[in-house]
Amino acid sequence: MIRSGRVSIFVFFVLFAYLGYMAMSRFKKSQDLPIRRLAGLDAIDEAVGRITEMGRPAAFVFGNGTLEAQWFAAFDILRYCSRETAKYNAEMIVCNPLAEVQPVVEEVVRGAYIAEGKPQDYNPDNVRYLSDTGLRAAVLGIFGREKVAANFMFGNYYHESVIFAEAGNAVGAIQISGTANTHQIPFFVASCDYTLLGEEIFAAGTYLSRDPAQVGSLVAQEYAKYFAVVIMIIGTIMSTMGSKALDQILGR
Amino acid sequence: MSKSFRKEFPMWIGLVSGVIVIVDYFFNISILSTLSKEIVQWRNIVAAFALALGVGNLTRIHSHAISQKKEYWFFSILLLVTMYGYLALGLITTSKSAPYRFFWDNMFQPLSGTWYSMTVFYMTSACWRAFRIRTPQAAVMLGAAVLAMLGQVGIGQIMWSQLPAIKNWLQGPFTTAGMRGITIGASLGMISMSFRVILGLERSHLGGVGE
Numbered sequence: 001m002i003r004s005g006r007v008s009i010f011v012f013f014v015l016f017a018y019l020g021y022m023a024m025s026r027f028k029k030s031q032d033l034p035i036r037r038l039a040g041l042d043a044i045d046e047a048v049g050r051i052t053e054m055g056r057p058a059a060f061v062f063g064n065g066t067l068e069a070q071w072f073a074a075f076d077i078l079r080y081c082s083r084e085t086a087k088y089n090a091e092m093i094v095c096n097p098l099a100e101v102q103p104v105v106e107e108v109v110r111g112a113y114i115a116e117g118k119p120q121d122y123n124p125d126n127v128r129y130l131s132d133t134g135l136r137a138a139v140l141g142i143f144g145r146e147k148v149a150a151n152f153m154f155g156n157y158y159h160e161s162v163i164f165a166e167a168g169n170a171v172g173a174i175q176i177s178g179t180a181n182t183h184q185i186p187f188f189v190a191s192c193d194y195t196l197l198g199e200e201i202f203a204a205g206t207y208l209s210r211d212p213a214q215v216g217s218l219v220a221q222e223y224a225k226y227f228a229v230v231i232m233i234i235g236t237i238m239s240t241m242g243s244k245a246l247d248q249i250l251g252r
Numbered sequence: 001m002s003k004s005f006r007k008e009f010p011m012w013i014g015l016v017s018g019v020i021v022i023v024d025y026f027f028n029i030s031i032l033s034t035l036s037k038e039i040v041q042w043r044n045i046v047a048a049f050a051l052a053l054g055v056g057n058l059t060r061i062h063s064h065a066i067s068q069k070k071e072y073w074f075f076s077i078l079l080l081v082t083m084y085g086y087l088a089l090g091l092i093t094t095s096k097s098a099p100y101r102f103f104w105d106n107m108f109q110p111l112s113g114t115w116y117s118m119t120v121f122y123m124t125s126a127c128w129r130a131f132r133i134r135t136p137q138a139a140v141m142l143g144a145a146v147l148a149m150l151g152q153v154g155i156g157q158i159m160w161s162q163l164p165a166i167k168n169w170l171q172g173p174f175t176t177a178g179m180r181g182i183t184i185g186a187s188l189g190m191i192s193m194s195f196r197v198i199l200g201l202e203r204s205h206l207g208g209v210g211e
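If you read the sequences in order, they're chains Z and A.
Residue 243 in this note's numbering sits at position 243 of the first sequence; the count goes up by one each step and never skips.
Residue 162 in this note's numbering sits at position 162 of the second sequence; the count goes up by one each step and never skips.
Relax, there's no trap hidden among the hints.
The list that follows gives simulated cross-link-like pairs (lysine-lysine, DSSO-like), each with its CA atoms no further than 30 Å apart:
#  : chain 1 : residue 1 : chain 2 : residue 2
1  : A       : K70       : Z       : K87
2  : A       : K69       : Z       : K147
3  : A       : K7        : Z       : K87
4  : A       : K70       : Z       : K118
5  : Z       : K225      : Z       : K28
6  : A       : K37       : A       : K7
7  : Z       : K28       : Z       : K87
8  : Z       : K244      : Z       : K225
9  : Z       : K147      : A       : K70
10 : A       : K69       : Z       : K118
11 : Z       : K147      : Z       : K118
12 : A       : K7        : Z       : K28
13 : Z       : K118      : Z       : K87
14 : Z       : K147      : Z       : K87
15 : Z       : K118      : A       : K7
Please keep in mind that the hints were generated in silico from the structure rather than gathered at the bench.
Let the sequences and hints guide you as you build the complete structure.
Next up, the structure:
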């Protein structure tokens, strides 16, 4: 009944789910949350302070890639950034390239203003759908016209990463970015003040919310990483010795 | 509609849809396969409807800009005329007609290509900043980058025939190993994130519903 070639993935999946459940149960009542410091996320407060002092807006730009897990991670960060800007009566322009998430993006920002007790300050004109092809020109136009003082770039980024990061640099914005697309990380590292590398973007929601239930899934992720490292070491040794046994087991 | 219903209902839709698609990925059950395909199709239909919301958002923002005579308001007129004009042209003549293709081939495609081409200038300025030697690590990166760039172009091979081999060596064990390390971590992060969304632990995307 199980599909051919997916047995080992299924076993890994069940193991991962079990570890996640166990870790969630353990951390649910604990106050000692084992999350290391992520400088990029701590810098959001600094960036919001900067835009408040300078009286200039911030920009939150999503990547131009299709809707997948990175978008959900970016929603977490957007919510936090929106709450901070609402708290200090600052302005943030959200640039969205995908029509299907426009209602979600509007809802996240509106929800942040409601959570801060300032629903009257929510300006729907600051949550802009810019289309996937028009995003590059529109974002550069916003950076230039509005002279943004902070630029948050999170999500599924492709070649536009270097365009936005360099344009943000040109207007002197403090820049915080994050993507799991490995081919774009070097551009962010080169041009931005802080960058969340790969998996860090997925930990952002947990880091910002400090929700013990979410910490469990992060712990499971770490255990899975150790597991992957062990498998890689065993695979390297077996492959060097000419054995294909591990290939056959994982290929089932 | 109660607030808790508005909060819980989208979460349950996500949970049921996610479980069906995941179970179908692992198990060959005909009814689940049919349901899974339907769910994926619904996603496309919902996305198509959402395009209208995007158009509505653009119309609202640029109508405000025009009515309040904000800075560069005339560009808003241009945007609305272009958007609705091209939409009307497509609806009246279809997307395969000569007038529709004319604007697509002679305006949209060249402009889009220009944006892709501009990436190279931004990459150059990013490299300029990245290659400034401020630390020993930056010096190592600059050295590796110079070798990789020279190994990629013909003049490098003329200068020293071993440069392409060095470039391949740098891009092989070093770059690939580093990239794969990040990819494995990111993939596990994606699985973890998907779990949290499907199980309703991650609720940011539900916004202020219920608050």
